[in-house]
Amino acid sequence: MAILEIKNLTLSLNGSPILSNINSSFSEGYIHAIVGPNGAGKTTLGYVIMGIEGFRNFDGDILFKGESIKNLSVTERARKGITLAWQEPARFEGLTVEKFIMSSAKEKKLEVVREVLTKVGMEPEEYIGRAVDETLSGGERKKIELASILAMKPSLAILDEPDSGIDIASIENIFEAIKLLKSNGTTTILITHSLAVLKRAERALLLCNGYIVREGSVNEIIKYFGKKCLPCVHKNEPEDFDLKKDESRVK
Amino acid sequence: MGKVMVIKDDELYSIARIANIDFALRDPNTARLIINKDRVIETNTVKGLTVSSEEIKDGVKINISLAPETKVENPVHLCFGVTHKKAIQRIVLDIEIGENSQIVIFSHCVFPNAIDVKHIMDAKIKIGKGATYSYLERHIHSEEGGVTVIPKSRITLKEGARLKTEFELLSGRVGNIDMDYETVSEKNSVMEMTARIDGKGKDIIKIREVGNLVGESSRGVLTSRVAVRDKARAEIYNKLVATAPYARGHVDCKEIIQGDAVASAIPIVEVANPKARITHEASIGSVDAKQLQTLMSRGLTEEEATGLIIEGLLS
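As given, the protein sequences belong to chains A and B, one line each in that order.
If you want our numbering, it's the position in the first sequence, counting the first as 1, plus 647.
For the second sequence, position 115 (counting from the first letter as 1) is numbered 112 according to our numbering, and the numbering increases by one without interruption.
Source of the hints: derived by calculation from the structure; they are not laboratory data.
Note that the coordinates shown come from a computational prediction; the quantities given were computed from them, not determined experimentally.
A few of these clues could be false.
[Claimed, not checked] Partner residues are not named here, just some residues of chain A that face chain B (Cβ under 8 Å, in silico):
| id | residue |
| --- | --- |
| 1 | F705 |
| 2 | D708 |
| 3 | L710 |
| 4 | V721 |
[Said to hold, decoys possible] Under the rule of at most 30 Å between Cα atoms (straight-line distance), these lysine-lysine pairs were calculated in the DSS-like manner:
| id | chain 1 | residue 1 | chain 2 | residue 2 |
| --- | --- | --- | --- | --- |
| 5 | A | K826 | B | K287 |
| 6 | A | K870 | A | K800 |
| 7 | A | K755 | B | K287 |
| 8 | B | K121 | B | K184 |
| 9 | B | K287 | A | K712 |
| 10 | A | K756 | B | K287 |
Glycine residues also receive a C-beta, built at the ideal position from the N, C-alpha and C atoms.
Use the sequences and the hints to build the structure in full.
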């Protein structure tokens, strides 16, 4: 069953096409990946699903659990169970890790804050009283943001480049957290251009120049990406993204 | 052990409770001075600390001196209360911290019923060689915005001295605040002045902080965090002057505005020695969109998210 359906979604920003006629559905409970090269429109698609300011004026529709969320604010979408972790998390001067996570948490308990920090590999006593500001590294803020999402227990989590800025020693914590989201019943969309992250997904969607080039299993996408995208044959023309033509090219 | 002067007076406990220092009234090892308008209603001192006071017209003149080589273990509580609706309170404060001494003073300014209350402070503070002095101001005002606070401090830091000041409004409306603090820092001294204020309604916030780094390797940081909304006004003037080699300083002013509020920041850095260095940063604007959208994507409303961001900024 699809938890999220994107129908004929087209978005232009400042007159430039960014996403073109996107149609896709995301099955409930699965880990999905949106992959593609830099500038493909992956992050933009994540912002559109979340309803971020500046990314809400699009053609087409987005259905969440069968209902259109097109006209809902970010808060309303979040309260329906959608959330987003940013590629570069925001810094909050003076706002403690405890308050930041508690503000998201479904259960407003200190023990929940401790628990989710531990799950992303952070020592609660070391971090709980610190501010979510520039005194933390980008990787630490990234893990704290992921911890806040674990505490929120959303139905759908969009994680933008979840491995960026994460050191090698911590990467397994991130992958464990992604698994944990799944075991909690959260559908996850990983936005990535990393093969290591893509391999954690169960289904994938390949975006290029704002078009969906391919959808399928992770192995299919890896195979296709290796054969057709390096070097890229697409030139941002609709006919370049005809899946039937692509099939014949791959063969 | 200090000497406790007991006054059976409801107003004492009432003020202490509002200031959240009633615990200190029971502790003979905690120095304190509690004033209601122009009357001293309780004092207690500890070894090495001399506190004398004299009631003057509309206020109190206070002399505080700390003997050299003395460390005051517990924070000292100065409570300047005005429980009246309309009043003027003048405080003349003379503080001298002896060499290599250490003291932390909490200054509780409590005006819970103010409709038209004016609190005027004129302080002269001398921090001796190697001494450490923290003056942490905590204000509790009425919700009516009827408070006018005019604190003026002239502070001298001798060689190796350390100064930390904080100004924070814990509850109520600012009303009208016109702060004027100026320091002169000698060799190897460290000065840090921070103001955190949240203005609303028709509040007016004026902060003038000037640091003169006249001694070699003296250091200073002026930090202002101000949030204004509705029709509130904020005007922040931070100036750091370095005239000695290796003096280092930083001015950091951040203001958030909402609604019809207006804020201005005037950071001035003046360096008169090629081996000195001062930096500054100032920003005025609405709440950062990414911060806002992050919290909203967790389910907070825009108002809740803004409140949390401002709470963090002012914490």
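Evaluation of the provided hints:
1. F705: violated (17 Å)
2. D708: violated (20 Å)
3. L710: Status violated, d = 19 Å.
4. V721: Hint holds; A:V721 Cβ to chain B Cβ min 4 Å, cut 8 Å.
5. A:K826 / B:K287: Measuring from Cα to Cα gives roughly 27 Å; hence the hint holds.
6. A:K870 / A:K800: violated (33 Å)
7. A:K755 / B:K287: holds (23 Å)
8. B:K121 / B:K184: holds (20 Å)
9. B:K287 / A:K712: Distance ~27 Å between B:K287 and A:K712 Cα, so the pair holds.
10. A:K756 / B:K287: Between A:K756 and B:K287 the Cα gap is close to 26 Å, so the pair holds against 30 Å.
The structure does not agree with the numbered hints 1, 2, 3 and 6 stated previously, though it agrees with the rest.
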